[in-house]
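What follows is each chain in one-letter form.
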Amino acid sequence: GNSVTQMEGPVTLSEEAFLTINCTYTATGYPSLFWYVQYPGEGLQLLLKATKADDKGSNKGFEATYRKETTSFHLEKGSVQVSDSAVYFCALSVLNNNDMRFGAGTRLTVKP
Amino acid sequence: DVKVTQSSRYLVKRTGEKVFLECVQDMDHENMFWYRQDPGLGLRLIYFSYDVKMKEKGDIPEGYSVSREKKERFSLILESASTNQTSMYLCASSSRDRGSKQYFGPGTRLTVT
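Chains as they are written, first to last, in this note's numbering: chain L, 51 to 162; chain P, 292 to 404.
Here chain L stands alone, though its shape is the one from the complex (with noise of 0.2 angstroms):
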């Protein structure tokens, strides 16, 4: 079936520092895929996606680039903020939303 692994958190860095998170994906078929950030005591919000291989979704800073060749879409920063610190969701869907797939979650927590 299809599905999303994102790495394991909490991850802990301190501010300005480069963030990766990765993730990888497995799908039958052709899917679009998505970055959701959960900031504390709130519900998610979409933060970034990619429909097409080779696509780079980007905002606020972050960017993800949807590899087909290593079924990747891991998500970068240059510099993380404090405000940064949050929960971060990959997930993707491949015929419509009614088969979105969530990662595991990862926990970024960022010091000043």
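It cannot be assumed that every hint is accurate.
[What the hints assert, rightly or not] A short list of chain P residues far from chain L (calculated; beta carbon distances all over 12 angstroms):
id, residue
1, L302
2, T306
3, G307
4, E313
5, D329
6, V343
7, E347
8, D350
9, G354
10, S356
11, S358
12, K361
13, K362
14, S366
15, Q376
16, S391
[Stated by the list, open to error] Calculated pairs, SDA-like style, for lysine to any residue (alpha carbon to alpha carbon, straight line, at most 25 angstroms):
id, chain 1, residue 1, chain 2, residue 2
17, L, K106, P, Q376
18, P, K346, L, Q95
19, P, K362, P, E313
20, P, K304, P, Q376
21, L, K110, P, G333
To be clear, the hints were calculated from the coordinates, so they are not data collected in a lab.
Remember, it's a predicted structure, so these values are computed and weren't measured experimentally.
Note that CB positions come from ideal geometry on N, CA and C, so glycine has one too.
Put chain P on the given structure of chain L with help from the hints.
The following block gives chain P in isolation, referenced to the frame of chain L:
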């Protein structure tokens, strides 16, 4: 601003009680979803609905039922709450378009004692 609202942020119920969790969206979305979120397990789909009165089981439907009588409202029902249903429950909605995002509510943290 688009919105998905859930009836309660925190709920405490006793074992065996019937529990209703309500979700309302104002975006005229066809699809609505109920997930539970547990540490280390991410989000697991309980049920979804793709139209009024239509529902489909997700990955973990046991012990739950749902109701969608109006397009904007999707209810999750725990017929007889048990302690292993203590969790964070998230509602979401989306359009039917391929690749469209889901909009999430703030969540309901349910504790069953």
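- [ ] Confirm or reject the statement that P:K361 sits farther than 12 angstroms, beta carbon to beta carbon, from all of chain L.
- [x] Consistent with the label, P:K361 stays out of reach of chain L, its closest Cβ about 20 angstroms off (over 12 angstroms).
Task: Non-interface claim for P:T306, where every Cβ of chain L lies beyond 12 angstroms - done: Per Cβ check, P:T306 is outside 12 angstroms of chain L; nearest 27 angstroms; holds.
TODO: Beyond 12 angstroms from every chain L Cβ: check whether that's true for P:D350.
DONE: violated, 9 angstroms
Open item on the list: Over 12 angstroms from every CB of chain L: does P:V343 meet that, or does the non-interface label fail?
Closed with: holds, 16 angstroms
TODO: Say whether it holds or is violated: P:Q376 keeps its Cβ farther than 12 angstroms from all Cβ of chain L.
DONE: Non-interface label on P:Q376 holds, nearest chain L Cβ at 19 angstroms vs cutoff 12 angstroms.
Open item on the list: Does P:G354 clear chain L by more than 12 angstroms, comparing its Cβ with all Cβ atoms of that chain?
Closed with: Label holds. Min Cβ-Cβ 20 angstroms, cutoff 12 angstroms.
Open item on the list: Just to be careful, I want the Cα atoms of P:K346 and L:Q95 compared with a cutoff of 25 angstroms; is the pair within it?
Closed with: This hinted pair holds, its Cα atoms lying about 24 angstroms apart.
Open item on the list: Beyond 12 angstroms on every Cβ pair: is that true for P:G307 relative to chain L?
Closed with: Given that every Cβ of chain L is farther than 12 angstroms from that of P:G307, nearest at about 29 angstroms, it holds.
Task: Proposed proximity, P:E313 with P:K362 (alpha carbon, max 25 angstroms) - done: Status holds; Cα separation ~13 angstroms.
TODO: Take a quick look at whether L:K106 and P:Q376 sit within 25 angstroms of each other, Cα to Cα.
DONE: The hint is violated at about 38 angstroms.
Task: Reported absence of P:D329 from the contact zone with chain L (all CB gaps over 12 angstroms) - done: violated, 10 angstroms
Open item on the list: Please verify that the nearest CB of chain L lies beyond 12 angstroms from P:S356's CB.
Closed with: holds, 18 angstroms
In the structure shown, a violation is registered for the earlier hints numbered 5, 7, 8, 16, 17, in ascending order.
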